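K.L.:
Residue numbers (the working numbering), protein chains in the order written: chain A, 1 to 284; chain B, 1 to 284.
Worth flagging that the hints you see were computed from the coordinates, not collected in a lab. A hint or two may mislead.
[Said to hold, decoys possible] Label pairs and their calculated CB-CB ranges:
no. : chain 1 : residue 1 : chain 2 : residue 2 : range
1   : A       : V72       : B       : K3        : 29 to 37 Å
2   : A       : S111      : B       : H51       : 50 to 58 Å
3   : A       : T259      : B       : E249      : 31 to 39 Å
Just so it is clear, the structure is predicted and the values come from calculations on it, not from any experiment. Quick reminder that beta carbons are idealized off the backbone N, C-alpha and C, glycines included.
Read off the chains here:
2 protein chains.
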Amino acid sequence: MKKVLVTGSAGFIAYHLIKKLKDDYEVIEIDRKTGHDILDYEALTDIFSNHKFEAVFHLAANSDISTGNPKVDFNDTFLTTLQLLDKCREHHIPRFMFFSSSAIYGESFTSFSESSGPLKPISHYGAAKLASEAFICSYAKNYGIKGFICRLPNVVGSHATHGVILDLLRKYKQDPDNLVVLGSGRQFKPYIHISELIDAVMYIWKYADAWINIYNIAPIGRTSVRTIAEMIISGQITYTGESWVGDCEMYEFDTNSLTRIGWSPKMTSDQACKLAIEEIKKEL
Amino acid sequence: MKKVLVTGSAGFIAYHLIKKLKDDYEVIEIDRKTGHDILDYEALTDIFSNHKFEAVFHLAANSDISTGNPKVDFNDTFLTTLQLLDKCREHHIPRFMFFSSSAIYGESFTSFSESSGPLKPISHYGAAKLASEAFICSYAKNYGIKGFICRLPNVVGSHATHGVILDLLRKYKQDPDNLVVLGSGRQFKPYIHISELIDAVMYIWKYADAWINIYNIAPIGRTSVRTIAEMIISGQITYTGESWVGDCEMYEFDTNSLTRIGWSPKMTSDQACKLAIEEIKKEL
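All chains, please: the whole structure from these sequences, using the hints.
P.N.:
Pasting the structure below:
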């Protein structure tokens with residue numbers, strides 16, 4: 001069975017991706033949480049020497065977009081990518097799948113298309129993802145490593161480790177009479193269910209075939225934080241009214257590129273949120 | 001007199017930029033060639049402690065686009081930017097001017113507009129410039145450092161340190177009977193004269209006023225390498241016929257954004273090349 005490496009393997013998306021990948025591959029996992037750090041050069045060297053990988057699925061990143069420390073994003077989100085690319089080059093790994101983000105687009109436009117520009121990320125997280133994309137392109141071109149870049153919106157579903165739905169459900173459990181929501185509640189974004197995301201990622205993996213393949217992935221429509229809060233509680237909701245730096249409050253994804261190669265979402269963003277709320281409730 | 005820092009101060013563009021900046025500023029210079037390295041953290045700390053800068057003009061970079069070693073571009077082009085941004089953050093420097101490149105666009109389109117996407121740089125140089133732009137955006141947004149990003153085409157003129165005109169003039173001097181030109185001669189790109197470039201840069205510096213200001217700069221039209229070779233020699237020209245990885249053979253710049261704020265080029269690319277040939281001939 002062919003081997004693939006999944007980084008950030010203890011995370012939310014990886015949990016579901018690995019389950020799917022195991023149909024076709026032997027999956028080797030690396031995650032700081034389980035004691036293996038991509039930035040530990042010797043450990044990384046060992047992994048690539050001990051296994052011949054068909055591909056790397058790079059999910060490891062600092063997933064806290066609101067961090068005030070650019071060094072964290074630089075190291076955990078960008079430098080991890082560069083270290084992996086160098087190893088892929090050294091070991092002639094033919095394929096590299098990267099999980100990018102809506103955060104690369106910034107707030108200059110509200111509809112994000114892959115052909116939008118200029119990209120002006122407003123968070124270090126978005127900057128580190130864009131910087132990663134840049135070097136994935138140059139490594140892909142120069143060393144024949146086929147690159148796959150999936151740009152993700154908010155992702156929801158079982159085994160979530162962070163995000164608005166998990167936060168609100170935890171708060172609701174502590175105080176079911178008054179749900180306190182950070183921000184105005186008016187943030188309006190696409191939420192994709194993890195099952196649809198994995199489906200889209202595997203579709204791109206199977207059918208995209210350029211030297212570099214960049215695709216937005218999104219559900220149908222968008223959901224406001226207010227709607228999510230009202231899905232969780234029928235009682236009182238208090239909005240703090242304040243947002244935080246680095247949060248792009250409203251955006252939608254243009255997914256025409258993905259539609260053109262034959263994949264379309266079946267679930268709306270609202271349906272994804274509802275399903276995720278049911279799933280996460282059972283886990284709390 | 002207010003102070004500004006110019007990095008890569010021993011280079012071609014810096015030579016002309018510093019002359020211009022001296023009209024308005026006291027210019028502090030840093031360049032590895034003169035013994036001061038941005039990546040020497042203590043030296044950089046000293047410079048920022050000893051001077052209160054109004055702005056940083058960041059020109060330092062690995063200017064050899066054809067390098068096979070991504071580490072060089074990572075360090076010299078990207079990490080230098082990040083170190084400077086960190087110092088600007090620490091010392092509350094209000095403005096940061098970055099010299100970016102046509103190389104960020106890759107080869108997916110031939111007309112490069114700031115609104116073009118997706119950006120797929122094919123050289124590590126282009127990747128490192130794009131990665132730099134990404135973090136300039138997030139630093140600008142989060143720490144109030146006004147960002148200026150000038151995307152440059154080929155630049156020609158006196159005191160050039162590299163580039164096709166200098167290369168061909170040197171070869172011509174060695175053997176005036178047969179000029180050997182690397183590649184097909186069909187590369188067709190915009191060449192801006194350094195005098196016009198500095199004029200455009202200072203215009204953007206003075207009149208652009210967003211939190212982040214991204215502008216293509218270019219002359220009128222384009223020039224083929226064949227045309228440049230024929231400007232230099234009336235005798236025999238031999239084309240090797242081979243190109244090199246990372247070279248984007250044909251592109252043009254869309255400069256409508258710059259036109260909209262009031263600056264337009266007066267010189268054609270051909271005129272710029274002719275003038276540069278005359279200037280550089282005198283220096284050889």
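K.L.:
Given the hint of 50 to 58 Å, is the C-beta distance from S111(A) to H51(B) inside that range or not?
P.N.:
Because 44 Å falls outside the window, the suggested range is violated.
K.L.:
A range of 31 to 39 Å was offered for this pair. Does it hold for the Cβ distance of T259(A) and E249(B)?
P.N.:
holds, 32 Å
K.L.:
Is the distance from the Cβ of V72(A) to the Cβ of K3(B) consistent with 29 to 37 Å?
P.N.:
holds, 32 Å
In this structure, the one hint that does not hold is number 2.
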